[in-house]
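Trainee: One letter stands for each residue in the lines below.
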Amino acid sequence: MRIVIAEDSVLLREGLAMLLDAGGHEVVAAAGSGPDVLPALLEHRPDAAVLDVRLPPGFRDEGLRAAIEARRRLPGLPVLVLSQYVEQTYAAELLAGGAGGVGYLLKDRVGRVDEFLDALDRVAAGGTALDPEVVSQLMTSRHDPLQELTPREREVLGLMAQGLDNATIAATLVITERSVSKHIGAVFAKLGLPPTDSGHRRVLAVLAYLNS
Amino acid sequence: MNRLLRRSAEATAELVGALRTGLPAMAGLVPLAAGLVLSFLLLPWLPSAVKPLRALANAERRRAGRVLGREIPEPYRPPSGEGFGEALRLLRSPSTWRDAAWMAAHGLTALAAAAVAVAVWPAIPFTLSLPLWWWAAPEGSQAAFITLDSWPKALTMPFLQGALDLGILLWLVPRLRRWQAGLAEALLSPTRRTSLAERVEELAETRAEALEAHGAELRRIERDLHDGTQAQLVAAALRLGLADRRFDADPGAARTLFLEAREGVEEALTQLRTVIRGIYPPILSDRGLAGALRALAAGQPIPVELDVEDGRAPAAVEAAAYFVVAEALTNIARHSGARHGWVALRREPARLTINVRDDGKGGADPDRGSGLAGIRRRVAALDGTTRLHSPDGEGTTLQVELPCGS
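In the order they appear, the protein sequences are chains A and B.
Residues 1 to 212 (UniProt numbering) make up the first sequence, in order.
Residues 1 to 406 (UniProt numbering) make up the second sequence, in order.
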């Protein structure tokens, strides 16, 4: 697929391009600062964008804001945001932008090349990829309503919140898909959420509930 | 020789003559010594003796402040230490003496001033009605300063006295009120010199604490980086080197080493993140204090209501404020058993006021638990003040003021 990346560190930018290239993708543009991001995205209309949260000139959250703005201008544009640290507020802001194709990962995860490319594929396909650290932040914060969950159900919820589908969850936990859907049903019942099939809507629902 | 002798004789006579004051002075030594010994023994109780005086002075500060329409600040430093040292400090402190001087001056004048103000009101109708009934009143009861014994007098003097009374009421009474408040302001507000002297003493103390805290922080960061991150990276580099050497002979083992090296690097990154958060939380530089506090509140296990004014402060102040709120919220989540938390942040030109309140079980003790001590230290390092109010069963309120001189 065609990808636009935004990263200010030349070394990391080249590395990312190399990695995406090796993964069979085409990097159509690479932006090095915040103001360059939006024009590049509007010009190339890529299949996915990989953006660093912190970009020059301000080195604050230019990348995140550019991502949100780009998704407002190009609805449904898949965006994978990378950051040196994760902040649950940022995840909520990204997801608040609406339908599909959002990822928010620690930069460290790039080192696990296969997992990173998987996450990118998921995002490009309109799914969600949330860093386990964001998920654990969410899980530790609003623990009250989650206390009724069994440890297994909590595990399933955690993986679900990362944006994984039932088959992957089943493979990760080494259980059958049927018991995964049973667990998910139980989680939804205990949290009072109507069950749906779309992975992304599940995450949205969970996030919305946890952030309430 | 003769001259020398005469001079000595004169001097002797003079010295004997000096006994006229010398002997009484010697006699006076006894009560003086007794007084000194007594006051020396009583000195440790001086702090307790000064307390009611300060309370009285503070009440007057508030009252006079209302009259003047401007606040009279307290000149006192918070008590430091106990007993003897504190007593000596109080004795040296000009505020103590100025308070005492105010007490004397106010004690001598307040009653008289109040009496004048109260008496002049009924005096006016009394005086002005004299022409109507003076002739019927018993001798000496109808007027204050003169005796009315004829109609001409009765028709002039009361009006003169009424005019005088009216003058007192309209001119003197308001001034008495202002003079009284002025006296309080002159003696009870911190003088430039006293406040400067006390500020210097206070700043020297907080500066020492700040340097201490800063040093400890630097040592902690150095230790974290050296023992954690750096060691992890060295180990990873070592594994990569080993993998390089084994790559041709045993690709399987080399791969294991590669994977271990990656894990080591990931671990190092995680530790680095923790260290960075401890130095200056990234969200703070991204979103400012208000945004960072919103993120903090959103991450709490109990609902936390935020009331935060936007606007930026110096980075050190914002970092301290963030640390205070984070620590306070952690305490609330861990120990208070509260169902609700409140965080309020007020930004004034010269200071930042933070209020963190909960409805938990209270009874927080700043001497136990490192969290509150940490807050106090960090706030003191910036010359701020920390107040904790935590009655049993009524929740806890933490109030922190940080100066951010602008």
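Treat each hint with caution, since some may be false.
[What the hints assert, rightly or not] Here are the simulated lysine to any residue pairs, SDA-like style, with alpha carbons at most 20 Å apart:
{"#": "1", "chain 1": "A", "residue 1": "K107", "chain 2": "B", "residue 2": "R273"}
{"#": "2", "chain 1": "A", "residue 1": "K107", "chain 2": "B", "residue 2": "L233"}
{"#": "3", "chain 1": "A", "residue 1": "K107", "chain 2": "B", "residue 2": "A261"}
[Said to hold, decoys possible] Restraint ranges, calculated between C-beta atoms of paired labels, are given here:
{"#": "4", "chain 1": "B", "residue 1": "P403", "chain 2": "A", "residue 2": "R112", "range": "45 to 55 Å"}
{"#": "5", "chain 1": "A", "residue 1": "R112", "chain 2": "B", "residue 2": "P349", "range": "42 to 52 Å"}
{"#": "6", "chain 1": "A", "residue 1": "S181", "chain 2": "B", "residue 2": "E348", "range": "50 to 60 Å"}
{"#": "7", "chain 1": "B", "residue 1": "L68", "chain 2": "A", "residue 2": "S136", "range": "49 to 59 Å"}
{"#": "8", "chain 1": "A", "residue 1": "D118", "chain 2": "B", "residue 2": "P403", "range": "47 to 57 Å"}
Please keep in mind that the hints were generated in silico from the structure rather than gathered at the bench.
Values in this document were obtained by computation on a predicted structure and should not be read as measured data.
Just so you know, even glycine gets a beta-carbon here, dropped at the ideal spot from N, CA and C.
Trainee: Look at each hint and say if it fits the structure.
Mentor: Hints, one by one, checked against the model:
no.	hint	in the structure
1	A:K107 - B:R273	11 Å, holds
2	A:K107 - B:L233	17 Å, holds
3	A:K107 - B:A261	17 Å, holds
4	B:P403 - A:R112: 45 to 55 Å	47 Å, holds
5	A:R112 - B:P349: 42 to 52 Å	50 Å, holds
6	A:S181 - B:E348: 50 to 60 Å	57 Å, holds
7	B:L68 - A:S136: 49 to 59 Å	58 Å, holds
8	A:D118 - B:P403: 47 to 57 Å	52 Å, holds
This entry satisfies every hint, going by the numbered hints stated previously.
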